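Please work from the sequences and hints to get the whole structure.
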Amino acid sequence: MEIVMSVLAGLLFMTGVYNLLQKQLLRIVIGTALISHGAHLTILTMGKLKDGAAPILTDGVENYTDPLPQALILTSIVISFGVTSLLLVLAYRASKINHTDNMEKLRGNDYE
Amino acid sequence: MSNLAILPILLPFLAGVLVAFFHKNLIASRIFSIIATVIHLALTIFIFMSVQESGTYVLEVGGWEAPFGIVIVADPLSALLTMTTAVVATAAVIYAPKSLSRIQEEFYFYSFFFLLIAGVNGAFLTGDLFNLFVFFEVLLMASYGLIVLGNGKAQLRESLKYILINLFSSMLFVTTISFLYSVIGTVNMAQAAERVGEVEQQGVLTVIGILLFFVFATKAAVFPLYYWLPSSYTVPNAVVSALFGALLTKVGVYSILRTFTLIFNYEVDLTHTLFIYLAMFTMIFGVIGALSTNNVKLIIAYNVIPAVGFMLMGIGIFTETSIAGSIYYLVHDMIIKAVLFLLIGAVTYAAGTSDLKKMGGLIHHYPVLGWMFFLSTLVLAGIPPFSGFIGKLLLLQGGLNQEEILIVIVALISSLGILFSMIRIFIGGFWGEADIMDLPKQKPSLAAMTWPVGILLSLSILLGVGAEMFYPAVSSIAEYVMDPELYIESVLKE
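So the sequence lines, in the order shown, correspond to chains R and X.
Going letter by letter, the first sequence gives residues 1 to 112 in the numbering used here.
Going letter by letter, the second sequence gives residues 1001 to 1494 in the numbering used here.
Keep in mind that the hints were calculated from the coordinates and are not lab data.
All of these numbers come straight from a predicted model, not from anything done at the bench.
Yeah, the Cβ is synthetic: ideal placement off N, Cα and C, and Gly gets one too.
Just a few of them, taken from the derived set where beta-carbon distance is under 7 Å, the chain R residues facing chain X:
id: 1; residue: Leu87
id: 2; residue: Arg93
id: 3; residue: Asn98
Rendered as C-alpha cells:
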C-alpha cells in the first residue's frame, strides 16, 4: 500500500512541477496546490499506513495507529489552504493591475 | 521561570492582534507599537542575561514531556538572536511613520510587523523541526502581507515570485521532515540529534540532511537559490526591506547553523565541504550583482547575499573559531543590514530617485546622512576597528587554521568588492555638484529617519570597538554550539 501511495505522491509532484513551469498564472497556482497535496500524502505514507485502533489508551488493544503524521498533515493542510487562497487573490490582483497573466511579461526592469 | 522562553513569541503576537483593532487610529497605533517593541526589547535582554547566568530555559508546552510534546528552547544562541531581532525591530518601528504613506500605515502595517517578529522569534526559539516549519510559515505569511503593502504594480509582480519560491521550498521542507520522520521516528531536534548520532548518520540520513540544507538555503539565499532575493527586496517600502534584509535571510542561516551543528554533524567531510564551496560562489555572485547595477536599492539588496556567504563559510569550516565568527557576523549583519536599508530609504526619499546616475551632491544638503552612510560602509566592508572586521577576522582565522586557503582569498577579494560597490553609492550620490538634482526648495527634514538609524549604527560601532566586551559571550556561545550534548541534555533531561 505504501508503494502505491508513494507513486501517487510522485505523480502529484510531477504534475505539480509541470504546471508550476507554465506561463499562465492560474496554472502555476494549481501547480502549487498539487505539490502541496503530494507533500501531504508523503507525510501520511511516511508514518506507515498501519491498521489499528485509535491512539487512545484502552485495555486489550495492542496495535495503535501513529497519530503524529495526522497531526502534522492537519497543520500543513491548514497552512497550504491559507497560502493558496492568498495566492489566488494576489494572482487576480496582479493580473488586473499589470494587465497580463503571462509570467513572461511579468519580468520587470531595474528602475521602478 | 521556564515560561519566560515563550514570551518573545507571545508578546509580539498579542501586540499584533491588539493593534489590528485600532489600525485606523495612527497616533494610538504608533504609540502602542513603540511601547510594545520597547517592552519586547527589555524582555529579550532580560532573557539573554538570565540564560547566560543560569543556563538554557526549556518550556514543555502543556506539560507534555520533551520528546513527545512541543518544546520551546531559549538557549544562549537563540536568546542572542532574539535580542538582536528586538533591537532591529525597535529601530524599524520608530522609523516607520516617516517612511510609510498613510494608506500603508493604516492597512495593518503594525499588525504584520508584529506577526513577522513573532514568527522570527518562534523560528529562533523552537526545539522541534515541524514547529520550525510552522514558524517559517508565520513569518512568511506576515512578509507576504508586508511585501504587497502599497499595492504597486512592481510590488504585486515581485510578490508573486516571492510567494511562489517560498511556497515551493516550504513544501519541500514538509516532505523532508516526513522523510526524516520515517527514518528516525521523531521531529524533536534533541531526540533527532541523539538518534542520528546512534547510527552515525548513515547513507540516507545524509541525503535528508542535504535536502534540508537546500530548503534553508532557499530562505537564506545561498548561491544557486538566491535569484528571487534582489528584486523582491527592492520593491517594498524601505522599512519593510530593512526588516526583510535584517531578519528573514538570517532565519535561514540560523536554521542551517542549528541543524548542521546539532543533528547532521557526522559527515563533515561531505556536507560542510559542500557549504564551503557554495559559500564561495555565494560571495562571488553576490558581489558581481552588487557591482552590476546603478539602482541604489538593488545594490544594497545584492549586498545581503555575500554576507550570507560569509556566515555559511564559518559553518562550513566548522571549528570553534569559525563558528564564533559566524555568530559574530550574524549579529553584526542583522544590525548593519537594517542600517543600510533604512539609510538608503532616507537617501531615495531625499533624492526622489533610486537611480545613481541621477543623484549627486546630496552631502551638501544632508551632511549627517552622508557621514552616517560613509560610516556604515566602513562597518559593512569590515574596516578595523568596526564590527564587520571582528567577524571576518575570526572567520579568516578559522579558515587559515583549517588550511582552506581558497575560501579565505575569495572572502578577502569579495570584501573589497563590497567596499567598492558601497563607495560607488557614496561617490555617485553624495559627492559632486549640489545642483545636479532639481530638489524641491523646501527640503524635507530627515531627522525622524536618521536618529533611529543613528542608534543602530552606534550600536554596531560599539559592537566593533567594544569587541573585548562582547567576544567572551560570543565565544562561549560558539563553544556551546559545538557541543551538541549540552543542548540534548538540557532538552531531554537525561
